[in-house]
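S.K.: Sequence:
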Amino acid sequence: ILTQTKRIRSYKTDFTKLDELNQLSRYMCKELPEEEEVKRKISEIKKGKVVVFTEEVLTSAVIAAAWTSFYGGGITEGIIAMIAGAFVAVLARYIKILAPNEMVLNFLLSFFVAAFAYISAKFGLTEDYGKIIIGNIMLLVPGVAFVNALRDMIGGDMMSGILRVCESILLAVFLAAGSFMALMFLGGVL
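Just so you know, the numbering used here puts 210 at position 166 of the sequence shown, and the rest follows in order with no gaps.
FYI, nobody ran anything at the bench for these hints, they're computed from the structure.
Remember, predicted model here, so these are calculated numbers, not experimental data.
You can take every hint at face value.
Below 30 Å or equal to it, Euclidean Cα-Cα: the simulated DSS-like pairs (lysine-lysine) are:
{"no.": "1", "residue 1": "140", "residue 2": "61"}
{"no.": "2", "residue 1": "91", "residue 2": "56"}
{"no.": "3", "residue 1": "74", "residue 2": "90"}
{"no.": "4", "residue 1": "74", "residue 2": "91"}
{"no.": "5", "residue 1": "90", "residue 2": "61"}
{"no.": "6", "residue 1": "90", "residue 2": "140"}
{"no.": "7", "residue 1": "93", "residue 2": "83"}
Kindly produce the complete structure, drawing on both the sequences and the hints.
M.R.: Below, the structure written as C-alpha cells:
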C-alpha cells in the first residue's frame with residue numbers, strides 16, 4: 045500500500061455552486077435533458093456568479109456592525125465597526141497578495157482591527173473598543189471551516205478532518221495573537 049499526501053494551496057467551499065449542482069441533478073432525474081444541455085449548465089455553474097468588490101465591502105461592513113451590535117455595542121461602536129469592516133474587506137484583498145498564507149493574513153487583519161478600534165477609543169469616539177474588535181473578528185473566524193472539518197471526520201475522512209481542525213484552531217490563535225499584539229503595542233494591554 046502506498047500512501048501519499050498532497051499540498052493544496054487553497055480551497056474554498058462554495059455553497060452556492062453546491063446548491064446549483066444539486067438542483068441540476070434533480071432536474072436531470074426529473075426531465076432527462078440532452079447531454080449538451082447538461083454540459084452547458086455545468087459549465088455555467090463552474091463559472092459562478094462574480095461578486096462585485098463593492099458588494100463584498102458593503103457586506104463586510106454590515107456584518108461587522110451587526111456582530112458589534114449583537115455583542116452589546118451601541119450606534120457609535122456600530123458605525124466604527126462598519127468602517128473597520130469595510131477596511132478589512134479591502135485590506136484582505138490586497139494583503140492576500142503579500143501574505144504567504146491565510147494565518148499571516150488573519151494575523152495582520154486582526155492586528156489592524158484591534159489597532160483601529162483602540163485608536164478610535166483613544167480619540168474619544170468610543171469607550172468600548174472591545175465590542176468593535178469582537179464584531180470585526182467575527183468576519184475572520186473560521187467557523188464554517190471548523191464545521192466542515194468535523195463533517196469530514198464524521199464521514200470517515202479522518203486525515204482531512206484532523207488537518208482542517210488544526211488549521212481552524214491555528215487560524216483562531218493567529219486572530220487572537222494579532223489583536224493582542226496591536227493592543228500591547230498601543231498600550232491597551234499590560
